[in-house]
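**Q** The listed protein sequences derive, respectively, from chains A and B. Mapping of the first sequence onto UniProt numbering: residues 1 to 270, in sequence order. Mapping of the second sequence onto UniProt numbering: residues 1 to 298, in sequence order.
By construction, these hints were calculated from the structure, which means they are not laboratory data. Any given hint might turn out to be false.
[Unchecked claim] Here are the simulated distance ranges between beta carbons:
| no. | chain 1 | residue 1 | chain 2 | residue 2 | range |
| --- | --- | --- | --- | --- | --- |
| 1 | A | 262 | B | 241 | 36 to 44 Å |
| 2 | A | 262 | B | 156 | 34 to 42 Å |
| 3 | B | 173 | A | 262 | 26 to 34 Å |
| 4 | B | 196 | A | 248 | 47 to 55 Å |
| 5 | B | 192 | A | 7 | 52 to 60 Å |
[To be verified] Lysine-lysine pairs mimicking DSBU-like chemistry, simulated, CA-CA at most 35 Å apart:
| no. | chain 1 | residue 1 | chain 2 | residue 2 |
| --- | --- | --- | --- | --- |
| 6 | B | 40 | B | 184 |
| 7 | A | 17 | B | 193 |
| 8 | B | 205 | B | 40 |
| 9 | A | 256 | A | 78 |
| 10 | B | 248 | B | 264 |
| 11 | A | 17 | A | 88 |
| 12 | B | 73 | B | 143 |
| 13 | B | 143 | B | 68 |
| 14 | B | 214 | B | 102 |
| 15 | A | 88 | A | 252 |
| 16 | B | 73 | A | 17 |
| 17 | B | 205 | B | 24 |
| 18 | B | 68 | A | 17 |
| 19 | B | 184 | B | 73 |
| 20 | A | 17 | B | 24 |
| 21 | B | 68 | B | 40 |
| 22 | A | 88 | A | 247 |
| 23 | B | 193 | B | 40 |
| 24 | B | 214 | B | 184 |
| 25 | B | 24 | A | 247 |
| 26 | A | 247 | B | 214 |
| 27 | B | 138 | B | 40 |
| 28 | B | 40 | B | 143 |
| 29 | B | 193 | A | 247 |
| 30 | B | 205 | A | 247 |
| 31 | A | 78 | A | 17 |
| 32 | B | 24 | A | 252 |
[What the hints assert, rightly or not] To give an idea of the chain B side of the interface with chain A (calculated C-beta under 8 Å), a few residues:
| no. | residue |
| --- | --- |
| 33 | 23 |
| 34 | 51 |
| 35 | 53 |
| 36 | 73 |
| 37 | 76 |
| 38 | 79 |
| 39 | 125 |
| 40 | 129 |
Ideal Cβ placement from N, Cα and C applies to all residues, glycine included.
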Amino acid sequence: MFPELNSILNSTPDSFKSSDFILVSDRRADASFLIHHHLSFYLRAGCKVCFLGLVQSFSHYSAVGQRLGVSLAQAREKGQLVFLEGLKNSIGVILQEDTSQETQPLSYLRTPGAGLEGLFRFVERSVRQSGDGDAGESWGPPVLLIDDLSVLLSLGVSVGAILDFTLYCQATVCSELQGNMVILVRCEEEDADDDEEGSNLLRRGLVHQCNLALHVEGLPTGYCRDIHGQMEVWWRQGEETIYNQRKIFHFKVHDKGASFFARGTSSAVL
Amino acid sequence: MLLLSCVLQGAEAGGFILIQDTVKCTGRGLLKCFINAALKRGEDVHVLGFESPETEVCAGLDRSCVQKLHFHKGFPDPLGWTRRSSFTVERFASQHITQLIKDTQQAKASVLVVDSLSLVLRHHDPLVFCQTLQELRKGGVIKTIIGLLHSDLHQQGIVGIVCYLASTVISVAPANNERHSVAKTTRRTKSGKVMQEEEYFSVCKDATLSVQAKPRQPGHVQKERDVSEADPTSNLTFNLRLSEEERKAKEKVALPFVFSQEKKSALLKPTPGSGRIVYEPDDNDDFDEEDPDDDLDV
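Chain A with its partners taken away, still in its complex shape:
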């Protein structure tokens, strides 16, 4: 959890906006540090977290989580964290003989054209489970984290199917259960023929749906040792603010966190 980011977004584990759909995207940069931030943030807040880890193993997130002060293994044991290990389970799904299991979460690996209804059913089951922890503790509002959604595009799932899936997730997690959603999408370079199905089209569709968009890119002026990139925070529609507000911050990722600062105020400069 990054304290500076909390103050930028005006949220703490004790008080944060609910029914929020936060979109994290990057272009030729790596925004996964924001996923680690949100994972530790919501675990600290005591929420029930459903994490679709499609691109890294559980031990990877666990190791980073240790550095940020949360234990994923413990959370999973207690029932606070439901983790879908995409990489480990995919071999099993591809190699299995019977094709009858249409509603399996990773069924899109066998039939990418059929859509993501199976994955949605998994998400729905996970977030609707009532808290049955050790001391019967009930967890806070559910949170869905996805890392990352654009990998589904390379597996043959269409942009429309992914947007349908996120719409359903938003309807269930955000609107109905008053929980939050954080999704990572990785984009390629903007092309002249942007009409084609691709990560940029997916990102635009998700920006239409989301409440907050965090976009990470490298510095437009090039590589810098002390500033790892810039992050644009785009507050979209909410009850109070109908008008969009966008701000750009610079950041630097450390071993145990990341620091954010206004443009031009890096410690290397001042």
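Here the structure of chain A is known, so what remains is to put chain B in place on it, guided by the hints.
**A** What follows is chain B alone, placed relative to chain A:
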């Protein structure tokens, strides 16, 4: 009257009004204003809500006319996965929609609002979609169709097709000023006349629209902040300004190379005792009486 307000008040009855938006500026607020205006006119409004919950669409609408609003729940289950919707996207066909409206009330011309057309286009062939729209317009049960389209989520050709079907197209975009957005309205009347206007608008909390004309010269509104010109003669250690007498004296100075009347008469005044030129031409000389300098404007 401003064109956007005209369209909102339903000055030309019927037709297909298309609201186009992008990620930069959402058109849902404007859609809500249209719903509110139709309700206030006493029309029956049927909303096919696929993308937004009913609470969000109905927030801020005039409470007294809300019973004329029929929200057909697509959201939260527009595709029928959880079997909780009353109208799924795949049922977007003229016979289903017509039946839906006839079931709700007596067959009176009503307003159909679709939120959003992008979701419908994602699940229907564009040609079939266009056919459906045309059938709905000619069907007689629906007087006006109002649809929201996210133009940056479709190929340009598809967006073009839907625009062609519409009698009015309103594209929203952000303005430099954060308080307002810009709406570019193109309206085709039945007589074939096309009107186009760009206007500022903002949506109030009670779902009413406030429209302002956009000035012709963009420069005036572009800068909200005061751009005061800096006075270069201020804050100097020497004086660059002129007093009144100095200014008058400056204006009186005759510039050296300007040939004014006074200078000419001063130069050409014959003084007594100046030399005379006596010229006696030779036989070979070609003596021309004319003055070669006659045509000079001096």
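**Q** If a hint holds in the structure, say so; if it doesn't, say that too.
**A** Structure-based check of all given hints:
| no. | hint | verdict |
| --- | --- | --- |
| 1 | 262(A) - 241(B): 36 to 44 Å | holds (42 Å) |
| 2 | 262(A) - 156(B): 34 to 42 Å | holds (38 Å) |
| 3 | 173(B) - 262(A): 26 to 34 Å | holds (28 Å) |
| 4 | 196(B) - 248(A): 47 to 55 Å | violated (35 Å) |
| 5 | 192(B) - 7(A): 52 to 60 Å | holds (58 Å) |
| 6 | 40(B) - 184(B) | holds (24 Å) |
| 7 | 17(A) - 193(B) | violated (49 Å) |
| 8 | 205(B) - 40(B) | holds (16 Å) |
| 9 | 256(A) - 78(A) | holds (25 Å) |
| 10 | 248(B) - 264(B) | holds (24 Å) |
| 11 | 17(A) - 88(A) | holds (33 Å) |
| 12 | 73(B) - 143(B) | holds (21 Å) |
| 13 | 143(B) - 68(B) | holds (15 Å) |
| 14 | 214(B) - 102(B) | violated (42 Å) |
| 15 | 88(A) - 252(A) | holds (31 Å) |
| 16 | 73(B) - 17(A) | holds (26 Å) |
| 17 | 205(B) - 24(B) | holds (20 Å) |
| 18 | 68(B) - 17(A) | holds (34 Å) |
| 19 | 184(B) - 73(B) | holds (31 Å) |
| 20 | 17(A) - 24(B) | holds (23 Å) |
| 21 | 68(B) - 40(B) | holds (9 Å) |
| 22 | 88(A) - 247(A) | violated (38 Å) |
| 23 | 193(B) - 40(B) | holds (28 Å) |
| 24 | 214(B) - 184(B) | holds (10 Å) |
| 25 | 24(B) - 247(A) | holds (14 Å) |
| 26 | 247(A) - 214(B) | holds (27 Å) |
| 27 | 138(B) - 40(B) | holds (25 Å) |
| 28 | 40(B) - 143(B) | holds (16 Å) |
| 29 | 193(B) - 247(A) | violated (43 Å) |
| 30 | 205(B) - 247(A) | holds (25 Å) |
| 31 | 78(A) - 17(A) | holds (25 Å) |
| 32 | 24(B) - 252(A) | holds (28 Å) |
| 33 | 23 | holds (4 Å) |
| 34 | 51 | holds (7 Å) |
| 35 | 53 | holds (5 Å) |
| 36 | 73 | violated (11 Å) |
| 37 | 76 | holds (3 Å) |
| 38 | 79 | holds (6 Å) |
| 39 | 125 | violated (13 Å) |
| 40 | 129 | violated (14 Å) |
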